[in-house]
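Okay, here's what each chain looks like letter by letter:
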Amino acid sequence: MTTGTSKLLHDLRSKCSSLKSAAELYKDCSAAEKKEMLALMKAAAADIANLLARIETGA
Amino acid sequence: MVKFSILVVEDDKLAQKVMAAQLTAHNVDLAGDFRTAMKKLETGKYDLGFFDLMLGVDDDYSGLKVIPRAVEKGVYAVVVSSSDSDEMIGRAYELGAGDFYAKGNEERNVADILRKFAQQRKAAGAADIFAGAFVTVDPETKAAALEAFKYAPTELPILVLGPSGTGKTSLAKILHEHSGRAGAFVAINCSAYSEDLLEAELFGYKKGAFTGAAESRKGRLLEAHRGTLFLDEIGAMSLNMQTKLLKALEERSFYPLGSERPERSDFRIISATLEDPQALIAQGKLRFDLFHRIHGYTITLKPLARRKGDIFALVRHFTKGGRRLAFTPEAREFMEGYSWPGNVRELKKFMDLAASGPAGRVSLETARKHLKGVAQPAAAAGPAGGDTYAYALAHGLEAALEKLSAEIIQRNLRENDGVKTRTLADLKISTRLLYATLEKAGEKI
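The listed protein sequences derive, respectively, from chains A and B. Read in our numbering, the first sequence has 51 at position 51, and its numbers run on one by one without any break. Read in our numbering, the second sequence has 1097 at position 97, and its numbers run on one by one without any break.
Quick caveat, the hints were computed from the structure, so don't treat them as lab data. Possibly wrong hints are sitting among the right ones.
Stated by the list, open to error - The calculated label-pair distances, taken between Cβ atoms and stated as ranges, are:
| id | chain 1 | residue 1 | chain 2 | residue 2 | range |
| --- | --- | --- | --- | --- | --- |
| 1 | B | Ala1111 | A | Glu36 | 20 to 30 Å |
| 2 | B | Ala1282 | A | Tyr26 | 49 to 59 Å |
| 3 | A | Glu33 | B | Gly1056 | 24 to 34 Å |
What the hints assert, rightly or not - Every beta carbon over 10 Å from chain A, so not counted as near; a handful from chain B, in silico:
| id | residue |
| --- | --- |
| 4 | Val1018 |
| 5 | Glu1215 |
| 6 | Ser1259 |
| 7 | His1317 |
| 8 | Phe1334 |
| 9 | Pro1341 |
Think of the CB as a built atom: it goes at the ideal place given N, C-alpha and C, for glycine as much as any other residue.
For reference, chain B alone in the conformation it holds in the complex (with noise of 0.2 Å):
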């Protein structure tokens, strides 16, 4: 939860009690005069005021003549008060408070007071998210990720889907930000283990547990307490590990590797993949418990392919505060027609090459020589582009699928250069399927 700080503006030390009991998570300081809160104003620095009106028996309602200095000073007012009449209503709105409850039901309206004010600073900065963190000027994409931001600071557990470099990470890291969580972001890699180092990692371990254990670790789960454990592909995670992880997250405890002592930790988890939940569920490769642990929140983020307004916005980003670069028509139209199979992570490489070129204008040459994936038109860019979904009307849905997997692994070998490897580990796929499809097509195994 975000800790705020609070000025209490009341004179009646029950009524401050009260209050202090609704915010003990947060800085609150107390003023129980006009005088007092005016000081206070000017000395201290808050986020939201409480403001009762009459301040003392026979007072002239001096609490209202404080209201336009807090807001001023960027206080959120909001007046709690008895003296409800609409001429008081009125003249504290005109005045600038954002909000006016009458006294007597604290335990509800202050709750609800801190949730839409939490909520009203998330909005506001978010423009700001959308200019530096998270860069987008596609309104579909805005709309998802303020959506998903409305619940960084509950304890609800958010799956990110979306293809590679599409800015998974980004995302869940401004989601921690908000959270308010005072512990850290500890992210992971879940494609990047064997099933052995990934426990080793996850659940730490201690010396002589396993050769090479010289020294006892502390695993990411116990380092994510009171923070976020960030999963990145989670869909890579073994299904044995899979139920280690579950249990953990219904336990909230765990043994590291060689323990007989359980470690707690209370960590907020956010996930992430490239494939399709429901389809590896369907394949047996998700846990479907797992899956509903993992998936309070789901957004979708798209490919940079189908946000194009972002590409350009992409490219002032990158080159912001350093070497600025033009694009004649032909690159830029290029660069909109182009695919990028490797996302925001691919722009980012080619403006790096591109800023560090001879050229500041980049020309249709330069964007073809470093872009090697296909351009195509947009209605060809979704994962069933016009293309694969003519031939499957032709030749039937299985060779189709066929084909489309033929090309992304030729496609894939050729950008690492024929290392198949690295195919292999890009792809995720087997080594008898690589040599398969090669040997149909024809090429040189």
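Excised from the complex, chain A in its bound form (with noise of 0.2 Å):
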């Protein structure tokens, strides 16, 4: 495995463990913090995308 690959693979696993969390957290949330925490959520997630499309690429 590259270094590039390596690092691509941490920041999924951070991005996911981040989305994971936040997902827990998000019932607990107050409306004004749901909106905030769904907006980083989707950008979370939109980052998770675009690391698997640059993994395929990089395979």
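Two chains, two separate frames, one set of hints: put the complex together.
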């Protein structure tokens, strides 16, 4: 595995972990926090899709 | 709960949000890159830091480089990272990290980290406590106190048992100081009030609630809101008052005297008694349900005569910063063999007398003059000392208890210069028992 792929995988794990933790917290958030959290979660999901595409290309 | 000052070093916005949500009860500062993290460490003061290792795309694990500076500044460094290879874990610990967690279970992990950190803090502070606020070198007493400190930041009620003058109030104060509760430490000695007065003191009253209530007054329960209510000598509380207190504890609300509006108070309860609570329950003097409400964790403090090592540790503590005293070997021996019926309080009084005396070297004569209790061998220091035990074997338990009771009453009366009302109050006995004892002993009534 190249260093580049290794870093992409690290980022992927990191983003997935944050998304999982955020999803667990979501139900306890206030309405305003939910809106902010949802925006961040969507951004993280887009990053994950992007990372997966880069890993696919790299592979 | 103790409020910590925490630095979170994390580049990912969502991860920052997740961490901040787990730490809402604390003061949190965020840093998204190496430079900001270093700057915050230079200017801020933090108890704890959570560090991600890769700070940005293509970052060369700059989070690792922040750890040594954080450790130098006294910050307890915890790595929370997805870079959890054995090599990274090893490097983080080498650089001084206290803990390493993989990202993904923040809800559980952060709570564990905070609990562990709070306990470490307390343990580190305990050495100072035993040299100042609660002086002891006795390993058993230290271990018991350390165990109790673990429950300080919880809601659990604590019951402190031990004879008068052993430091029950001091210990209760320390437990409050380590509880993280924002409110005050409010103490009340239940034996110092009649039933009516105790009710007024605890629950408060409205103006005109009874004769003499010229103004409304807040009760101790309300004063202890978000703090600690320390009920000393709870065994002296009447059953009627116990019922009222139990209701207030269960409902967290109560009615001040003369008021039709209930008051709410969120207090943690610590109580103390010099009597055996099980015996009080058996005698019908303590409600079983109240006992279960107040004894989440129980600590028993030994009398001073059973922790002899503490005698001269306390002497040093009492004379710190003032006139230092020396003791002849005979005075030392006498003090170490003395029964200290008034425990630490009696030792403090003795030290005050000795320190204001003419000689800096305390002789056996001085010690004997001021300590009027009985110097006795260690074996007889407990409630069923050697003599009493032998007497019980020879004459039966009832006769031995009667003899012991008479000895205590006569000794207390001597110490109170024959003032019977003081003995009645000190020993909480009936007038009938006092006179019957004196009559039996052939003493003048």
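Exercise. So which hints don't hold here, by number, going up?
Worked result: 4
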